[in-house]
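Between the sequences and the hints, there should be enough to build the whole structure, so can you do that?
Take the sequence shown: its letter number 2 is residue -14 in this note's numbering, and every next letter is one higher.
In short, the hints are calculated from the structure, not lab data.
You may find that some hints are simply not true.
[As the list claims (entries may be wrong)] List of simulated lysine to any residue pairs, SDA-like, C-alpha gap at most 20 Å:
(1) K24 <-> T3
(2) K245 <-> A(-13)
(3) K245 <-> F(-5)
(4) K245 <-> A209
(5) K245 <-> N15
(6) K245 <-> S(-3)
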Amino acid sequence: MWALVAGQRLFRSADRGDTWAERSLPTGLANAEIAFADDKDGLLLSAGSPVGGCETQTPEIWHTADGAGSWQQVATTGIADALCKRGLASADATHAFFTAYGPRSGPVIYRTTDGGRTWTAASPLSDPPGRTDVTVVFLPGRPRAFGSVVLLEAQGYGQPQRYVFVSTDGGASWTYASTVPRSEAPTAFVTASRWIQLNPPGQSMETTDGGASWHPYTTEYGQAAPIGPDIVFGDASVGYATVRGAIQRTIDGGAHWTQIKTPGTG
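Spelled out as structure tokens, the structure:
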């Protein structure tokens, strides 16, 4: 498990977050995100500072092969300056994704198949059914890969309605998949077909058929913060939810959660 704290300190845990060891980062990062395929191979996106209202943003890609003991900047091809960048995600040591967004464009998903050297942009996501206010920037979430199937949630800036898009060819092309229940919380993709939303008590939701139908979901998850958590699952059982620096862990697919120590907080 890896955790990037405040965009400035990187930690690794070999015991699901019970203990942490700090690892190195390159210097001079701006709006950094990390994604690791395993305990050794990882990528870092330093998105840089946006120009205008996300008209352009020139990112850097870094790679580590020794568990963040050292980093090397990657000489990349295929990444356009246009749009803001975020949402770095690794599928394995060679396949990874990030997203781009901005005014007057649907979200663009970039993919690499050679460990971050060469990137290819898919066509912008189309507006999903029922989305009417197309003047609002359409924000993509973080891609989640299950083999060749890749899932992605997107929503209009400041709007509660969320939509899921799917790729069945490793991120080369994307189609609308589902309109999810309105929620302040992002959808967590536990498996390719099972997704959950962690909402206020009694309001959490689950689908087990890839968004075709949703039903109430019983979970002990709770938090004090009035905003939705960011959730990531490493497999069908183990997942983590974080909001405002706090981290909780589940080992049973989301039913029960335990607070764990946030690294670097004393």
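Hints, one by one, checked against the model:
no.	hint	verdict
1	K24 <-> T3	18 Å, holds
2	K245 <-> A(-13)	11 Å, holds
3	K245 <-> F(-5)	12 Å, holds
4	K245 <-> A209	17 Å, holds
5	K245 <-> N15	24 Å, violated
6	K245 <-> S(-3)	11 Å, holds
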